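Peer 1: Protein chains in written order, with UniProt numbering: chain A, 1 to 139; chain B, 1 to 425.
Calculated cross-link-like contacts (lysine to any residue; reagent style SDA-like; alpha-carbon spacing at most 25 Å):
#1 B:K390 with B:G380
#2 B:K154 with B:E126
#3 B:K412 with A:Q10
#4 A:K110 with B:T30
#5 B:K24 with A:V102
Worth flagging that the hints you see were computed from the coordinates, not collected in a lab. No experiment lies behind these values; they were computed from the predicted model shown.
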Amino acid sequence: MGMGSDMYRQQILDHYKNPRNKGEMEEPTFSHTGENPSCGDTITMQVRLEDDGETIEFVAFSGDGCAISQASASMLSERLQGTTLSELEEMDTDDVTEMLGVDISPMRIKCAVLARQVAQDGAAIYEGDLDVDETTTEE
Amino acid sequence: MGVQESYPIDVAAIREDFPILDRKVGGDFTVPGEGENDDLPLVYLDNAATSQTPRQVVDAIVDYYYGYNSNVHRGIHHLSQEASVAYENAHDRVAEFVNADGREEIVFTKNTTEAINLVAYAWGLEELGPGDTVVLTEMEHHASLVTWQQIAKKTGASVEYIRVDDEGRLDMEHAKELIDDSVKMVSVVHVSNTLGTINPVAELADMAHEVGAYIFVDGAQSVPTRPVDVKDIDADFFAFSGHKMLGPTGIGVLYGKEEILEDTSPYLYGGEMIRRVTYEESTWEDLPWKFEAGTPVIEQGIALHAAIDYLDDIGMENVQKHEELLAEYAYDRLDEFDDIEIYGPPGDDRGGLVAFNLDGVHAHDLSSILNDHAVAVRAGDHCTQPLHDKLGAAASTRASFYIYNTYEEIDKLVDAVDDARQLFA
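Turn these sequences into a full structure, and let the hints steer you where they fit.
Peer 2: As structure tokens, then:
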């Protein structure tokens with residue numbers, strides 16, 4: 001079987017079918033939405049920070065789309081808990097594929113990184129580094 | 001073997017002409033061509049996006065580059081004359097294939113999209129203005145939809161869309177309502193690349209002509225798959241692409257009625273399209289060269305000629321019959337499942353493609369899993385985003401067939417869909 005078949009390992013399917021931290025959070029510190037117009041994937045990431053304004057206390061997500069985008073958001077919501085905004089900002093594409101634990105084909109990488117990008121842009125808007133009107137689009 | 005004998009085309013013999021159909025896939029895709037880890041026989045069902053290329057067409061390209069590669073028209077030398085004759089003959093061959101009056105009515109472009117843009121810019125920018133209407137359909141490809149939408153914005157014209165009904169057919173009553181005296185252009189897709197609908201373009205041409213409008217027919221999915229006669233349709237403009245009909249990428253065809261092309265200003269300026277140039281003024285070359293500025297698509301034109309010869313050898317009626325049989329078989333097999341939604345008209349009334357969704361599985365996930373089975377399909381909006389919005393689907397998966405596809409390949413598609421169903425259950 002080819003490379004692609006690895007993409008739907010049990011972990012991805014498990015997070016897709018039983019998403020973690022999916023839903024609306026009360027009083028998030030910040031919240032941001034992004035989309036992938038060509039796929040129709042949409043993701044909202046909500047983040048609540050601890051009193052130090054740096055440590056991530058809790059993350060929730062909501063959205064629609066393919067298994068890769070939704071599983072990635074679910075895994076990211078678990079992964080970010082207890083980390084810091086700086087750690088979030090430093091996350092790159094390799095970190096995302098490592099988190100997913102599978103090879104993502106080039107055509108699908110935009111699905112995989114959408115949640116990470118939405119969380120990062122949300123944090124940047126919260127810290128005043130990005131315009132509030134900035135929309136997150138992975139294309 | 002009575003059934004075999006009556007089958008319209010010899011698929012096994014045709015497959016022999018397409019070396020790519022023998023290859024395996026599934027390994028390292030960063031290096032083109034079959035590698036040691038490629039272990040699954042390719043099932044190529046993405047023909048509405050691009051068709052494969054037979055030896056005969058590749059041979060024509062090789063013969064050109066090894067034998068008489070030269071720029072056309074400006075050379076007095078022998079090679080240039082050979083290339084010029086071959087390139088001009090290609091226009092004649094295309095004209096014959098769609099029953100145009102001659103090479104004057106056949107302009108080679110980059111693709112269908114460029115052919116539509118040529119008319120939209122050269123004719124539309126000049127002729128459209130506030131109060132004028134361009135009528136499209138809700139199933140229009142972005143190639144025509146976005147082009148006319150933007151030209152309308154530039155000129156102040158408005159755009160109206162003929163409704164698509166629940167069965168995926170044009171609402172012709174609505175078309176009658178829309179096509180009134182304000183309409184200057186009706187631009188419609190002949191065979192929908194998403195729904196597979198075969199539109200009544202001759203009837204629409206009558207409606208357009210009744211109010212003094214032109215009709216532009218996008219034949220990207222029709223010319224490769226059925227006999228097309230631009231005079232029967234009475235199209236004013238008609239466009240299609242070489243790479244969807246066994247030819248190479250980089251060539252499209254714009255057909256235009258000679259008297260209309262005569263009256264239309266050039267789209268691109270430069271060499272090749274001029275007759276006399278001074279520092280102040282320029283005059284234009286005869287049709288069709290007036291619309292082919294710069295060094296044209298010589299290789300591609302010659303290759304398209306070979307592709308048309310290949311298709312004509314099979315016979316376009318036979319190609320159409322084969323397409324219809326495969327479309328109906330695929331439709332019926334997929335329609336057996338309650339969790340599959342197929343878009344467009346019934347299986348016995350459509351072009352050779354089926355776009356569908358499997359309940360609970362995003363089209364991109366489905367096509368990834370089909371790829372794991374070496375089944376090549378297309379997933380996405382197929383350049384019909386507004387139509388997908390109307391269908392309530394962000395994306396769909398589309399299998400599309402051509403002369404070399406088999407019933408067994410459709411069975412493999414259905415089995416692979418079932419694998420996705422199990423995986424996501």
